[in-house]
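> From first to last, the protein sequence lines are chains A and P.
Residues 50 to 308 in the working numbering are what the first sequence lists, from first letter to last.
Residues 387 to 654 in the working numbering are what the second sequence lists, from first letter to last.
No wet-lab data here; the hints were simulated from the structure.
For glycine and all other residues, C-beta sits at the position ideal for the given N, C-alpha and C.
One or more of the hints may lead you astray.
Said to hold, decoys possible - Cβ-Cβ distance ranges computed for the label pairs, FRET-style:
1) GLU153(A) with LEU591(P): 51 to 61 Å
2) GLU153(A) with VAL567(P): 51 to 61 Å
3) GLU589(P) with GLY61(A): 22 to 32 Å
4) GLU589(P) with LYS59(A): 30 to 40 Å
5) LYS59(A) with ILE532(P): 41 to 51 Å
Said to hold, decoys possible - When the alpha-carbon atoms are kept at most 20 Å apart in a straight line, the in silico DMTMM-like pairs for lysine to aspartate or glutamate are as follows:
6) LYS80(A) with GLU435(P)
7) LYS52(A) with GLU589(P)
8) LYS57(A) with GLU438(P)
9) LYS52(A) with ASP652(P)
10) LYS52(A) with GLU493(P)
11) LYS80(A) with GLU438(P)
12) LYS449(P) with GLU53(A)
13) LYS59(A) with GLU438(P)
14) LYS102(A) with ASP228(A)
15) LYS102(A) with GLU514(P)
16) LYS102(A) with ASP113(A)
17) LYS159(A) with GLU589(P)
18) LYS102(A) with ASP592(P)
19) LYS267(A) with ASP250(A)
20) LYS54(A) with ASP652(P)
21) LYS287(A) with GLU276(A)
22) LYS102(A) with GLU435(P)
23) LYS54(A) with GLU623(P)
24) LYS143(A) with ASP125(A)
Here is what each chain is made of, one letter per residue.
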Amino acid sequence: MPKEKNYKWKLGLFAVTALVVAVAAIYYVGKQKNLFGSVFHLNAVFHSVSGLKVGSNVRFGGIDVGTVDDIHLTTDTTVAVEMVIQHEVQRFIKQDALASIGSEGLMGDKVIVISPGDSGRVAVRDADILQTHAPIETDQIMASLKTSADNAAVITANLADIASRINHGQGALGKLLRDTTLSSNISATMKNLRKSTAGLDSNMEAAKHSFLLKGYFKKAAKQKEEEQKKKDQEEQKKKQDELDKKAAADKNKPSGKKN
Amino acid sequence: MQQSLNPIRRAKMRVTQKRSELKQFLYEAGNLVAFAGQTFREIFRRPFEWRETLYQCYQVGYKSTFLIGLTGFIMGLVLTIQTRPSLAKFGAVSMIPGMISVSVVREIGPVITAIICCGNIGSRMGAELGSMKVSEQIDAMEVSAINPHRYLVVTRVLATTLMIPLLAIYADGIAFCGAYVAMNIHDSTTFRHFMVAAMTHLEFLDIVPALVKTVLFGWVIGLIGCYKGYHARRGTESVGIAANSAVVTASLAVFVIDMLAAQITDLL
């Protein structure tokens, strides 16, 4: 037997509040899955969806605009993906829009990324099929990495071979680094070279004093002197000009201050 | 005297004792099933006790709001504070709301609500019906042509079955508030941003099985509380025993159901 009066409105308040919370939560979650509200469907066909799941997000311009509704195999190599997309973005997705599979977040969850088409084209209609471009699979990355690694292995093997040959004094580089006789030969050659250049110098001096070549040398010396003179004159002129300019500038400065 | 018996007789006695204990347990289990069956049958018998059912709903639901709310708030707060360091290690602080929402909705909310209700409601029902049984009020009802099962048990079981899911929803909502407060200890997020982050990770597969689970929790808490009270023995101390064993058995039942529900949800 009820021992309290007026309990019914409290019970009603309690029940209504809880139900409102529940309905709000369910509506909110449903909205994210695009169950309520106006939507349209798009399809896309891929060779592989790389682990895309029903309920994954569909992105357009980086915004979540829909979800994946269904994924099924159509033939042995093609997978059809059905998407549910908010009605308001329909007019922005053109008929030549491209659908591709990207990944997001720390765990690499897969999403469908729709890139907008040519703005001059007509917008997509309900249940249209979008063009796709194939996702880059980790397998492909691995395969290309493997060829690079193989190449690197060949290159390093060659390098190791070359280094060992150099170390053992084979080939020109090896000789240069390791052979002591070579270096002594080279230094002997250098000595000879120095001796012969000294000889050549005295020969030249003798030639200058011989009457046959005296005229030529005198002429050359004269020309040189004249050139030197010209140069000196030009330099002096330049210096004078600079000095003049400086003096003019100095004059201007104090007058500027006065004003 | 036990010392004087030979080992074989002692073993025999123990076997007999264990066997009778087992028999007692099976007897109890059978009684409980029969009790549940009778309750289920009585639900559909006219006249239905509307007034008493509503009053019990009020007692179970409205009167537990504060307790459930406080517990829910603290659970959300504590869970967030405890989860934060390990997620921060991975730089995944932005995942905290999602993690909290999933764990609160799937597990913490329903189970905490059920356990609190076991203590709060189960014990009250055990003691109430137990003392009615001891003071022979139940027998008096039968004499005066009121079906005590329909009047006392059906109303209470229905009340817990209907109200505990609502209490669990309250607990979830308030736990979110607690988690939001805890998030703002280290970071600063807006409530809207927090709720969006929390809700993106929720799916119907998280919400619906959790709600179904709480319905089962409510049913089991009401049923066991009433059963223990209704089948109390004679004497004052049996009221205490009835209240105590109502709480213990109902809590155990809640965990067993939770285990089964987790397994079934996992298969979905």
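> Any hints this thing doesn't respect? Which numbers, in order?
The structure conflicts with hints 1, 2, 5, 6, 7, 9, 10, 11, 14, 15, 20, 22, 23 and 24, although it agrees with all the remaining ones.
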